[in-house]
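K.L.:
Chains as they are written, first to last, in the numbering used here: chain D, 701 to 833; chain Z, -17 to 368.
Hint data in this document are derived by calculation from the structure and do not stem from the laboratory.
The C-beta atom is built at its ideal place from N, Cα and C for all residues, glycine as well.
A hint or two may mislead.
What the hints assert, rightly or not - Rough simulated footprint, nothing fancy, chain D against chain Z, three-plus residues with beta-carbon under 8 angstroms:
1. 125 to 139
2. 250 to 257
To be verified - Partner residues aside, some chain Z positions facing chain D, computed with beta carbon under 10 angstroms:
3. Q40
4. G120
5. K167
6. A180
7. D181
8. V368
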Amino acid sequence: MFSPARAWREFPQRYRLEAAACSGCDKILYPPRRACPACGGREFSEVVLPKNGTVVTYTVIRVPPAGFTEQTPLPIALVELENGVRLMVQIADVEDPEALEIGMPVRLEFRRVSWDGEAGVIFYGHKAVRSTS
Amino acid sequence: MRDVAIVGIGMTSFGELWQTSLRSMWAEAALAALDDAGVESVDLITVGCMSSGLFTGQEHLAALLADELGMAGVPAARVESACASGGLAVRAGFAEVAAGLADTVLVTGVEKMTDVDGADATYALGTAADSEWEGFHGVTFPGLYAMLARIHMLQHGTTREQLAQVAVKNHANGLLNPRAQFHLKVGVDDVLRSTMVADPLRLLDCSPVTDGAAAVVLTTVDRARELAGDRPVVAITGSGMATDTVTLANRPALGELNAVKLAGERAYAMAGKTPEDIHLVEVHDCFTIAEIMATEALGFFDPGFGGSAVERGLTGLQGKIPVNTSGGLKSKGHPVGATGVAQVVEVTEQLRGESGQRQVEGARVGMAQNMGGSGGSSVVHILEVV
């Protein structure tokens, strides 16, 4: 399931945060879709997501799924970026999980996401780190 | 549409059934329901199952199971909507009888979860989330509900203790259910001291990994009256289903379960009922927060008051609206594909007056609410003595 082909196919979104802006209603879709869920439009232009945002909600995973057993406790959050797009990401560089909070400003950084799956693929993507602004 | 009745019910005990295979559990529940109905042949079999592939390496399940009962030849369909697969199997059977496509349907749900280890079970359940955009990052089901819990606590002031009270109540009910996985009295302190799974949810906030199967036989109300003898005839008078965004990132309001609200409204409308008409409800308490949010979405309490309702005892066996008399997923156990059917078994038994120590006196109208993933789908049924 976590195959090399899948990793490759998802590079534009994972590595470069490429999204689609609907030509009909300006809604930004991440990941891109064939049709805009807001207006049904099918014309899009490519945009890149901003990297600054805030934590909408979060948790710290103590019992991980297969593939993440080396990374627990694993802080993970729903982050809202400056343009209103929300995405699920890990929170990296957390020394004290108790210090996490809703509304915390974060910045997306390119990191290694997982590596101990059966396919032997190292997956990269973006994680959130606390920002001062 | 023809009126549809539940004429037979059956289920296995829920638990870690190491000695029993998926097909054997399923056949036990199916045979019990057929015997209870006094029916030997059916026109259709529906099977609710989330992931026999990931849990046991078996797909093509419905045909396999039809053959297991010597019913090869009978149409059989597996339906899947993650943890709402069982409820959807009930709805699929209901639709066929109502439409006149089938006169008698064997509706089943099954999940064999203990043939894989904990990490693989967590992974398999996690596939009910958005695999590419949530699962990729390592989030688990307790993790998604933990995120919803934090929002509910922030928006409504729901407390950590109120979440624990859900587990305390459901374990107390489970003590009265011989088929429950756990017969374990649990106190608030036990919940608050249990192992953290995904902050703020702890082990005793979570439903367990469970093996089990459940089945009901559906037919027309007219035929049910002939089969029922002196037992009450229980009909399905309302059926509602709805979806929501599977990905939490795409959901505008995280403090409510919109699929549950919509499915409930559709079931109420079909049955011509309101929340005040319901005498008991089985809700999908895969996590303690889910029960609180479901009771709000179904209109039993105003948004934000589900937590205090539990604390005030309004959802207890003697409360205003008894919730999860079976012990719920929390205590009875949660074999995911079987759960939605088992909820209907519990409500039917209550309406027949056969629930023993956990019987809700005078219950004539009940509801079952089943949910997939973190609220991405939900199925609601209203049952009545007719």
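K.L.:
Does each hint fit the structure? Answer for all of them.
P.N.:
To see whether the hints hold, each was checked on the structure:
1. 125 to 139: holds (count 7)
2. 250 to 257: Answer violated; 0 residues pass the 8 angstroms Cβ test.
3. Q40: 18 angstroms, violated
4. G120: This hint holds: G120/Z lies near chain D, its Cβ roughly 4 angstroms from the closest one there, short of 10 angstroms.
5. K167: Not OK, violated: K167/Z not within 10 angstroms of chain D, min 24 angstroms.
6. A180: 5 angstroms, holds
7. D181: 5 angstroms, holds
8. V368: Hint violated; V368/Z Cβ to chain D Cβ min 41 angstroms, cut 10 angstroms.
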